[in-house]
Amino acid sequence: MQKARHPRVPVLASALLPVVLLGCPGGSTQAPGGGEAEASLATALAHGDSAFRDEDYDEAQVAYEHALQIEPDHARAVAALGTCYLKNRQVKKASDLLTDHLRRHPENTAARLVLARALLRQAEYGLAAEALRAALRSDPDNLMAHYNLGFIAYRERDFDTALSHLKRAIVLRPDHVEAHYTLGLVYLARERYGDSVAELEEAVRLDPKHVGAHFNLANAAARAGRMPLAEEHQRIYADLSGRTKADAERSAQVKAQSVKAVEFLMAEKYDQALVEYRKLLAENPDYAPLHNDIGRVQLKLGQKQEALESLRRAIAIDPRLSEPHYLLSNLYRDLGDQAGADRELATFAALETIPEGKSGY
Amino acid sequence: MRALGTRSAARPLALSAAALLAVWAWGLGLAAGPTATSGPRFAEVSAVSGIDFVHRHGGQGRKLYIETTAAGLCWFDHDGDGWQDLYMVQGGPLPGTVRPPGDSASRLFRNRGNGSFEDVTSKAGVADVDGYGSACTAADYDNDGDEDLYVTNFGPSVLYRNNGNGTFSDVTAAAGVRNGLYAASAAWADYDLDGRPDLYVANYVDFTMNDQKYCGDIKVNRRSYCHPDAYGGLPDALYHNEGNGRFKEVAKAAGIWDPNGKSLGVVWIDYDADGDDDLYVANDATPNMLYRNDGNGRFTDVTLLSGTCCSEDGKPQSGMGVDAADADGDGWQDLFVTNLSNEPNELYRNLGGKGPFAIMSYAWGLGEVSLLATGWGTAFFDYDNDADLDLVVTNGHPMDDIEQVSDIITYAQKPFLFANDGSGGYRDVGAQSGPFFQSPDVGRGLAVADYDNDGDLDFALNPNNRPARLLRNDGGRDAGHWISLKLEGVRCNRDALGALVTVTAGGRRQVREARSASSYMSQNDMRLHFGLGAATQVDSIEIRWPSKDRQVERVGRQAADQFLVVRQGSGVVRRAPAAVQPPGTR
Chain A
20 MQKARHPRVP VLASALLPVV LLGCPGGSTQ APGGGEAEAS LATALAHGDS AFRDEDYDEA
80 QVAYEHALQI EPDHARAVAA LGTCYLKNRQ VKKASDLLTD HLRRHPENTA ARLVLARALL
140 RQAEYGLAAE ALRAALRSDP DNLMAHYNLG FIAYRERDFD TALSHLKRAI VLRPDHVEAH
200 YTLGLVYLAR ERYGDSVAEL EEAVRLDPKH VGAHFNLANA AARAGRMPLA EEHQRIYADL
260 SGRTKADAER SAQVKAQSVK AVEFLMAEKY DQALVEYRKL LAENPDYAPL HNDIGRVQLK
320 LGQKQEALES LRRAIAIDPR LSEPHYLLSN LYRDLGDQAG ADRELATFAA LETIPEGKSG
380 Y
Chain B
4 MRALGTRSAA RPLALSAAAL LAVWAWGLGL AAGPTATSGP RFAEVSAVSG IDFVHRHGGQ
64 GRKLYIETTA AGLCWFDHDG DGWQDLYMVQ GGPLPGTVRP PGDSASRLFR NRGNGSFEDV
124 TSKAGVADVD GYGSACTAAD YDNDGDEDLY VTNFGPSVLY RNNGNGTFSD VTAAAGVRNG
184 LYAASAAWAD YDLDGRPDLY VANYVDFTMN DQKYCGDIKV NRRSYCHPDA YGGLPDALYH
244 NEGNGRFKEV AKAAGIWDPN GKSLGVVWID YDADGDDDLY VANDATPNML YRNDGNGRFT
304 DVTLLSGTCC SEDGKPQSGM GVDAADADGD GWQDLFVTNL SNEPNELYRN LGGKGPFAIM
364 SYAWGLGEVS LLATGWGTAF FDYDNDADLD LVVTNGHPMD DIEQVSDIIT YAQKPFLFAN
424 DGSGGYRDVG AQSGPFFQSP DVGRGLAVAD YDNDGDLDFA LNPNNRPARL LRNDGGRDAG
484 HWISLKLEGV RCNRDALGAL VTVTAGGRRQ VREARSASSY MSQNDMRLHF GLGAATQVDS
544 IEIRWPSKDR QVERVGRQAA DQFLVVRQGS GVVRRAPAAV QPPGTR
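Quick mapping for you: the protein sequence lines, in order, are chains A and B. Using my numbering, the final residue of the first sequence is 380, and nothing's skipped along the way. Using my numbering, the final residue of the second sequence is 589, and nothing's skipped along the way.
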């Protein structure tokens, strides 16, 4: 179980966002019928676009579905709704919607690209490539079609095709980081280490925080026998992936010391667990998870006021830590503060939102 | 048949004279080689064999994290009669609750040698009744000639010392291997080559029974099993065998130190072939770790250098099960890790024991096919005896309500059987290998063995909260010749854990390492099975024993299709042909 998204999907996703949102008119000229229908359609689309920008994909989905009730084949609404389905993990539903629409409107390139993304999510690489090739027939210089065809060909070990599409993508947009990165992977797979290093260096020049590019640059450099370069990028990779030595050591130290507390918790010896956590806190006063752990144990011991303080402190240090919000919500409810409970629960739910493509979902 | 145990025969010979003659003739190359037809198939024989174990997670709707991770199983010969017995690890009831009537604790099934098993748990005394079980691993840690058993639990784990008479004694306290945390896989190996097997215990996360976090969709009040991100990792334990019945925990001192790791799978692997075992740990949502054994009792973290931590994009994945073997026949052991859906299972190709591995998952046909599946137990094995290593993977999602969250991922999932095409490519051949591969299940532990001693490899599974399954290989023996080696250490550890064996036959070299546990919470038959294809004899066997002097022993030409026992310094000391199948089981 893991948090990272499927590596390629977000690339296609972020590239498609402009496709979906660009040209959001205040009203659609495609709406048939009278002005009332046009106005309703425009309102639904605007509402959907707004919700989409706010990353409220449930709300956006409802709005676009409403738009399609007014105008069933509205090109942009279809692509947008398909994207919302993907965001909401309704991948098959997205495929069905888009396939059905494209049967009637094969010229809708945006829908075709979203369909390709849905097929990639279903590990249907062959069908995704077919959709992308169809998109290229109507738009031969479509950057995302070239890039993704290159990526799929790389995955399927068709390196000549991969090189052709990735190089075309770079011609179309020389600063396309992912195209350089994937080209570097192709060269690495072909054991052309010099070329791989060059492309990956270009990728990290364009995006110095590209984790994958540093990771593979270290690999390619090591295989090319360029150990100083390999070590340099291993270091950068370690930093970027949150594994800098200082951070890791501190986190490791806290974790190692808290094992004793965990053992007390397993034995339901909460007093002793609290003592252990407090010892740790003395050495790490600004470590949010510790405040949360202490709050949780205090709740077990019925020390509600102390728990309240501990949990609030955890949130003050790290507002993105979700669990104290959940524990606080329960605590507020216990204390008769329903508004506070609702507020914390809403925050907890927002922090726990599952991003598209998250491993396991 | 008289099998290859270390004690006197406990069971009558079952091999007919005609079969012996046929095997003898075959061994001399006088008979025609096996005639492959449609390829081996796996038949489900759990019921007929008496494996009636049902795993229970004990859940009652609270969606406690421990319910969804277990459990494993171990093949080992507990009574030394040459037949692989089966230990199934039980989970439920949940700690603090009473076992419902009819539910069993962990169970030991003795292999009768006729295709059936009998439950000997009570007599053996290995039920682990107080434990919420995860995994098991067996080895002769005291070098007294019988296999001992370690069972990991959520909470205190248990070491059962084999008394040599079909019974075991709980020696956990005296040995000092209680652990006490949320343990997952464990594995034995003699990492410091002092002749005594040591024990590695992979600890998972800091979940405790009274620390249940809310996971799921709170807006619709749907509680789900948590993602591992919800919990912190734990340090693993390395117990050094002190040789007096006691162990000493030395992980940190030995340089094996990843207190944030969420470890599930573990395999000892001499990846650099320098004669001592290195260690690979599959972690869930934290980077996998590769530790190189420096040969002085210490290890160096070479994870970053090797590139085996992560996905191709350098991101940690959800490592579950793991196995190590020479997948491409170049003499170097590769690594295979199963992962969660939306991540491919990863094949890390060893490029010569130094520097980075190459990630070959997609290139070798193992990536795309696994994206919608969550893999757990896995094993390299040559199921069709064609002299290359195939792969089996059991699948199933950890969330029982995943179908409410995703419309493309299912809870129960079909297993994979990947055939190696001999040139670095794998192809899923489950569809033509028996109905089992078309039946979705909630896979977890998986372990391979030639339980019927017929010359081809079978496997068993311990799915989560479901009945155990035993799959018998029908036709593997007919698809190619084979040879199976049981190693007996004399100056090294008795099980020869860490021995590297090279078999040359038909112009082809194959390398295998003797090891204890791997896969997911499970342990395979420790005998080394080599498919030989059309070769009717083995030209040479080279064994590098796991001792400080790196002793290499060469065994000369051997006929194919037999089980050999090779004792350190003495060559082949026993041999036996394949068993004839008892009536009614095939």
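Hint data in this document are derived by calculation from the structure and do not stem from the laboratory. No experiment lies behind these values; they were computed from the predicted model shown. All C-beta atoms in this analysis are idealised placements derived from N, C-alpha and C, irrespective of residue type, glycine included. Just so you know, not all the hints are guaranteed correct.
No more than 27 Å apart at the CA atoms, straight line, and that leaves these computed lysine-lysine pairs for DSS-like [what the hints assert, rightly or not]:
hint	chain 1	residue 1	chain 2	residue 2
1	B	Lys551	B	Lys255
2	B	Lys255	A	Lys298
3	B	Lys251	B	Lys66
4	B	Lys222	A	Lys377
5	A	Lys279	B	Lys66
6	A	Lys112	A	Lys377
7	A	Lys323	A	Lys377
8	A	Lys112	B	Lys551
9	B	Lys551	A	Lys323
10	A	Lys298	A	Lys319
11	A	Lys111	A	Lys298
12	B	Lys251	A	Lys111
Here are some, though not all, of the chain A residues that point toward chain B, as calculated from beta-carbon distances under 8 Å [as the list claims (entries may be wrong)]:
hint	residue
13	Val110
14	Lys111
15	Pro247
Can you give the numbers of the hints that this structure goes against, from lowest to highest? Failing hints, ascending: 3, 7, 8, 9, 11, 12 and 15.
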